[in-house]
Amino acid sequence: MEFGWTEEQDALRARLKAFLAANLPDDWETTASLSPGSQAVTDFSKVFCPKLAEEGLLASHWPREHGGNGATAWDHFVIGEVLWEAGEPRGPQYYNVNWIGPTILAYGSEEQKALHLSRMLKGDVIWCQGFSEPSGGSDLGGIRTKAEKTEEDGNRYLVNGQKIWTSYARLAEFCFLVAKTGPARRDVSVFLLPMDRPGITVRPIASVVGDGDLHEVFFDDVEVFEHERLGAEGKGWEVIRYSLDYERVGIPRYALALRTLNRAVAELQDEDCFVPEAELAAATALTACEAARMLVYETVDKRMRGRPDTGSASMARYAVVCAERAVADFVLDWTPHLFTSNDAPMVATHHKRAIAAGLAAGAAEIQLNLVARDVLGLGV
Amino acid sequence: MDFTLSDDQQVLLTAFDGLLDNYRTPPHGIHGYVAWDAAFQNELDASGFAEIAAQEGYGSLEAAMLVEAAASCPVGVEAAASMLVGPLIGHTSGVLALAWQIGRPVRYLAQAQRLCIFDHDAVLVATPAPGDWEEMSGVSAYPMARLLRVPADACRLPDDLAEAVRRRAIIGLAAEAAGLVRGAHEHTVRYVKERQQFGQPLGHFQAIQHRLAEDAQIVQAARLMAFRAAHADCSRQAAIAALYVQDAMRKLIHDCHQFSGAMGLTLEFPLHLWTYRLKVLQGEAGGRAAQAHSVASATWPKQKSKPQLATVLERTI
Ligand SMILES: Cc1cc2nc3c(=O)[nH]c(=O)nc-3n(C[C@H](O)[C@H](O)[C@H](O)COP(=O)(O)OP(=O)(O)OC[C@H]3O[C@@H](n4cnc5c(N)ncnc54)[C@H](O)[C@@H]3O)c2cc1C
Chain A
1 MEFGWTEEQD ALRARLKAFL AANLPDDWET TASLSPGSQA VTDFSKVFCP KLAEEGLLAS
61 HWPREHGGNG ATAWDHFVIG EVLWEAGEPR GPQYYNVNWI GPTILAYGSE EQKALHLSRM
121 LKGDVIWCQG FSEPSGGSDL GGIRTKAEKT EEDGNRYLVN GQKIWTSYAR LAEFCFLVAK
181 TGPARRDVSV FLLPMDRPGI TVRPIASVVG DGDLHEVFFD DVEVFEHERL GAEGKGWEVI
241 RYSLDYERVG IPRYALALRT LNRAVAELQD EDCFVPEAEL AAATALTACE AARMLVYETV
301 DKRMRGRPDT GSASMARYAV VCAERAVADF VLDWTPHLFT SNDAPMVATH HKRAIAAGLA
361 AGAAEIQLNL VARDVLGLGV
Chain B
1 MDFTLSDDQQ VLLTAFDGLL DNYRTPPHGI HGYVAWDAAF QNELDASGFA EIAAQEGYGS
61 LEAAMLVEAA ASCPVGVEAA ASMLVGPLIG HTSGVLALAW QIGRPVRYLA QAQRLCIFDH
121 DAVLVATPAP GDWEEMSGVS AYPMARLLRV PADACRLPDD LAEAVRRRAI IGLAAEAAGL
181 VRGAHEHTVR YVKERQQFGQ PLGHFQAIQH RLAEDAQIVQ AARLMAFRAA HADCSRQAAI
241 AALYVQDAMR KLIHDCHQFS GAMGLTLEFP LHLWTYRLKV LQGEAGGRAA QAHSVASATW
301 PKQKSKPQLA TVLERTI
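In order, the protein sequence lines correspond to chains A and B.
For the first sequence, counting from 1, position 284 maps to 284 in my numbering; every step adds exactly one.
For the second sequence, counting from 1, position 103 maps to 103 in my numbering; every step adds exactly one.
Wrong hints could be hidden among the right ones.
[As the list claims (entries may be wrong)] Residues of chain A clear of chain B, computed beta-carbon distances all greater than 12 Å: (1) Ala40; (2) Ala53; (3) Asp196; (4) Glu226; (5) Ala348; (6) Ala360; (7) Arg373.
[As the list claims (entries may be wrong)] Heads up, simulated EDC-like pairs for lysine to aspartate or glutamate below, C-alpha to C-alpha not over 20 Å straight-line: (8) Lys302(B) x Asp272(A); (9) Lys146(A) x Glu226(A); (10) Lys251(B) x Glu284(B); (11) Lys17(A) x Glu2(A); (12) Lys251(B) x Glu365(A); (13) Lys302(A) x Asp255(B); (14) Lys113(A) x Asp124(A); (15) Lys46(A) x Glu173(A); (16) Lys302(A) x Asp374(A); (17) Lys193(B) x Asp255(B); (18) Lys302(A) x Asp7(B); (19) Lys113(A) x Glu226(A); (20) Lys193(B) x Asp374(A); (21) Lys146(A) x Asp196(A); (22) Lys302(B) x Glu277(A); (23) Lys302(B) x Glu226(A); (24) Lys46(A) x Asp26(A); (25) Lys149(A) x Asp43(A); (26) Lys302(B) x Glu271(A); (27) Lys235(A) x Glu365(A); (28) Lys302(B) x Glu267(A); (29) Lys46(A) x Asp124(A); (30) Lys251(B) x Asp196(A).
[Said to hold, decoys possible] Label-pair ranges, simulated between beta-carbon atoms: (31) Glu110(A) x Gln196(B): 51 to 57 Å; (32) Ile102(B) x Val208(A): 50 to 56 Å; (33) Ala114(A) x Gln282(B): 54 to 60 Å; (34) His337(A) x Ser47(B): 56 to 62 Å; (35) Glu163(B) x His337(A): 35 to 41 Å.
Keep in mind that the hints were calculated from the coordinates and are not lab data.
Virtual Cβ for every residue (Gly too), placed ideally from N, Cα, C.
Bound-form chain A, shown alone (with noise of 0.2 Å):
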């Protein structure tokens, strides 16, 4: 057990810091402070990303034989922080490195691998997933989406169903999408199903985490094929699994947050205002988001090592909840008029994406369920 970075570390956040500051525009923060499924910062992604790729950055911790550089998943973590602190300019695409590639490494096809990691390497691939439902939020089993084998041909399925809250399914090309392939509660399967299908129509639902984060996705009759089936048909809850697992440490918040309280501090020292009872409320946001990094590193550390997960992802991930809302209401609390005005446009930002924290890949509630279960043994 040890807690430093590697001098290779250091140096490789040294350059990604360089190069975001030779590649991001003078607006940028204003621009990121729009959501990522914007227009705005999709269209961005779809250039920074191809340079980000070419500098061997962009997916450095998948194996050599599918175009990564072999890098540790330290590495990507590293780049991670660094990004996610910018304001994510891979915009939606932070979905392809962090957890549906992973997903696709794990459980794809030689032929889904062939497709769809050279498009996500390339940088410019628009991903959403398709999970929920107005039936089926926390209780994924409670979708009623299904993809149907058709009689004449044994190949293609039919979907008919409706998706809700899929972020980025305006601009995305596939969807990883959850449906129904039998009768029973986890009789589903997951499909890489292009967008341009004829049937699907997308929706998009206004909301105050921004413009393009939320969706309805309705399939009417959409065919999707066997080979665009992601593992085998009624195992789609294993897929699931997997994927929010990554999914769910998948983001490191926890360094926007920081940066974000880092601006309020100066905030108050600029005004003399920090006083004792700021500093210990800012102390003490600092110290949740310290402790979500370290469970956030503890699950990193534990998926490069192949062990099974049993709840550190959730727990992480509450933990991930606990900081933004910490620094969050730090900012509210002593320094409203950044809330509330423009004048640092990332501490807005910060706040569009700390509200979604505890509802985005799993309510918060679900985790401590899972904790309590997988770790606690609590109730089996």
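Model the placement of chain B with the ligand on the given structure of chain A, informed by the hints.
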């Protein structure tokens, strides 16, 4: 970054666990508040574990690991100060006590061979003699005595050493508290699996599950943060770890007592051995305000302020 124990660390902890095994069950028939065991203290001394931080191939991280492990036992032993601070001041055996203020209760003072006294930036090292202290009674599970005066042989440490002693004391505080929250939490989780009400174990109720799951996250974060501070041997990390656990322990202590019911308030039930030690550590070393000030000074050094209203304020009507 590596969150897995090295082979050497694994061997060390396994051996230490063997020593702790004799002290893992609460002393039977205790009717006092304190559960400090001189035999435990002597065994720790004789075993050589107490000097781990000064041994080849080991350091303050391994010392913090042993402190955390020892603190998770219901039977108390002074380990944090002697293992982490001791090596810096040539204290090689027996109890080392830490006094944060003259006139106030000090843990393990009556048992101590040596004493560090913190007074603002100064740190004094002394040999406490009878008359320097008086024993106290109270509800805390630590043996406590009041420091009445500065012992005759006290001498001041040079500034750099004083800073290192303070840092190690805070790391020890964080590591000890991390072990204590773990002990209290593990005991409570076991209890709610056994105790039945409404026809099922208490642990089946979601209201209880969620709070214990939140507390599990506190236990694990406190432990990792204390170890990180020990590994870096860094004052800022030490203050972060101590502030985190001094803050979070308040909720955890409350939860553990709630879920243990009235049984948890009895002396025969060991919960108080962890929680009443934690209650002492909650305000130790200046408490959250002092740790927060250290974190803030190290993280956000004072910026020059701009007096916005200065020109107007000089005008009078
Ligand atoms: C910004 C944002 C982006 C999102 N993006 C996507 C996306 O791209 N794709 C996608 O599929 N989904 C997405 N989601 C949806 C997200 O996964 C769901 O919101 C989440 O799973 C909760 O489902 P729900 O909103 O239906 O809440 P519900 O399931 O109705 O639950 C409401 C609340 O009830 C409580 N609760 C529910 N069940 C339990 C229980 N068993 N025990 C205790 N408490 C419980 C929780 O507090 C929960 O928040 C996104 C959500 C947000 C906010």
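Hint check:
The non-interface label for Ala40(A) is consistent with chain B: the shortest C-beta to C-beta separation is roughly 33 Å, beyond 12 Å. Residue-level check passed: Ala53(A) sits 25 Å from the nearest beta carbon of chain B, beyond 12 Å. The beta carbon of Asp196(A) is kept farther than 12 Å from every beta carbon of chain B, the shortest such distance being approximately 42 Å. The claim that Glu226(A) lies off the interface holds: its Cβ sits roughly 40 Å from the closest Cβ of chain B, which is beyond the 12 Å cut-off.
The beta carbon of Ala348(A) is kept farther than 12 Å from every beta carbon of chain B, the shortest such distance being approximately 21 Å. Every CB of chain B is more than 12 Å from the CB of Ala360(A) (nearest about 19 Å), matching its label as outside the interface. Distance check on Arg373(A): its Cβ comes as close as 8 Å (rounded) to a Cβ of chain B, failing to clear the 12 Å threshold; non-interface status is violated. Between the alpha carbons of Lys302(B) and Asp272(A) the distance comes to roughly 9 Å, so the proposed pair stays at or under 20 Å and holds.
The straight-line distance between the Cα atoms of Lys146(A) and Glu226(A) is roughly 14 Å, inside the 20 Å bound, and the hint therefore holds. For a cut-off of 20 Å, the pair hint linking Lys251(B) to Glu284(B) stands: about 17 Å separates their Cα positions. Between Lys17(A) and Glu2(A) the CA atoms are separated by roughly 25 Å; this puts the pair beyond 20 Å, and the hint is violated. Restraint check for Lys251(B) and Glu365(A): satisfied, since their Cα atoms lie roughly 18 Å apart, inside the 20 Å limit.
With a CA separation close to 29 Å, the supplied pair Lys302(A) and Asp255(B) exceeds the 20 Å bound. With a C-alpha separation of about 16 Å, the suggested pairing of Lys113(A) with Asp124(A) holds against the 20 Å cut-off. Taken as a hint, the Lys46(A) and Glu173(A) pair is honoured in the structure, with Cα atoms around 13 Å apart against an allowance of 20 Å. Our distance criterion of 20 Å between C-alpha atoms is met by Lys302(A) and Asp374(A), whose separation comes to about 15 Å.
Taking the CA atoms of Lys193(B) and Asp255(B), the gap is near 15 Å; set against the 20 Å cutoff, the hint holds. This hinted pair checks out: Lys302(A) and Asp7(B) have alpha carbons roughly 17 Å apart, not beyond 20 Å. With a CA separation close to 15 Å, the supplied pair Lys113(A) and Glu226(A) stays within the 20 Å bound. Restraint check: the Cα-Cα separation between Lys193(B) and Asp374(A) comes to about 14 Å, which is no more than 20 Å; the hinted pair holds.
Restraint check: the Cα-Cα separation between Lys146(A) and Asp196(A) comes to about 19 Å, which is no more than 20 Å; the hinted pair holds. As the CA atoms of Lys302(B) and Glu277(A) are separated by approximately 16 Å, the hinted pair is consistent with the 20 Å bound. The hinted pair formed by Lys302(B) and Glu226(A) fails the criterion: a straight-line CA distance of about 62 Å is larger than 20 Å. Only pairs whose Cα atoms come within 20 Å are accepted, and Lys46(A) paired with Asp26(A) is accepted, the gap being roughly 18 Å.
The straight-line distance between the Cα atoms of Lys149(A) and Asp43(A) is roughly 37 Å, outside the 20 Å bound, and the hint therefore fails. Restraint check for Lys302(B) and Glu271(A): satisfied, since their Cα atoms lie roughly 12 Å apart, inside the 20 Å limit. Among the hinted pairs, Lys235(A) with Glu365(A) is inconsistent with the structure: their alpha-carbon atoms are about 25 Å apart, more than 20 Å. About 12 Å separates the Cα atoms of Lys302(B) and Glu267(A), which keeps this hinted pair within 20 Å; it holds.
For the proposed pair Lys46(A) and Asp124(A), the alpha carbon gap of about 5 Å is at most 20 Å, so the pair holds. A C-alpha spacing of about 51 Å is found between Lys251(B) and Asp196(A), which places the hinted pair above 20 Å, so the restraint is violated. In this structure the supplied range 51 to 57 Å holds for Glu110(A) paired with Gln196(B), their Cβ-Cβ distance being about 54 Å. In this structure the hint that Ile102(B) and Val208(A) lie 50 to 56 Å apart at CB holds, the actual value being about 55 Å.
In this structure, Ala114(A) and Gln282(B) meet the distance hint of 54 to 60 Å, their C-beta atoms being roughly 58 Å apart. For His337(A) and Ser47(B), the Cβ-Cβ distance of about 59 Å falls inside the hinted range of 56 to 62 Å, so the restraint holds. Against the hinted window of 35 to 41 Å, the Cβ-Cβ separation of Glu163(B) and His337(A) comes to about 38 Å, which satisfies the hint.
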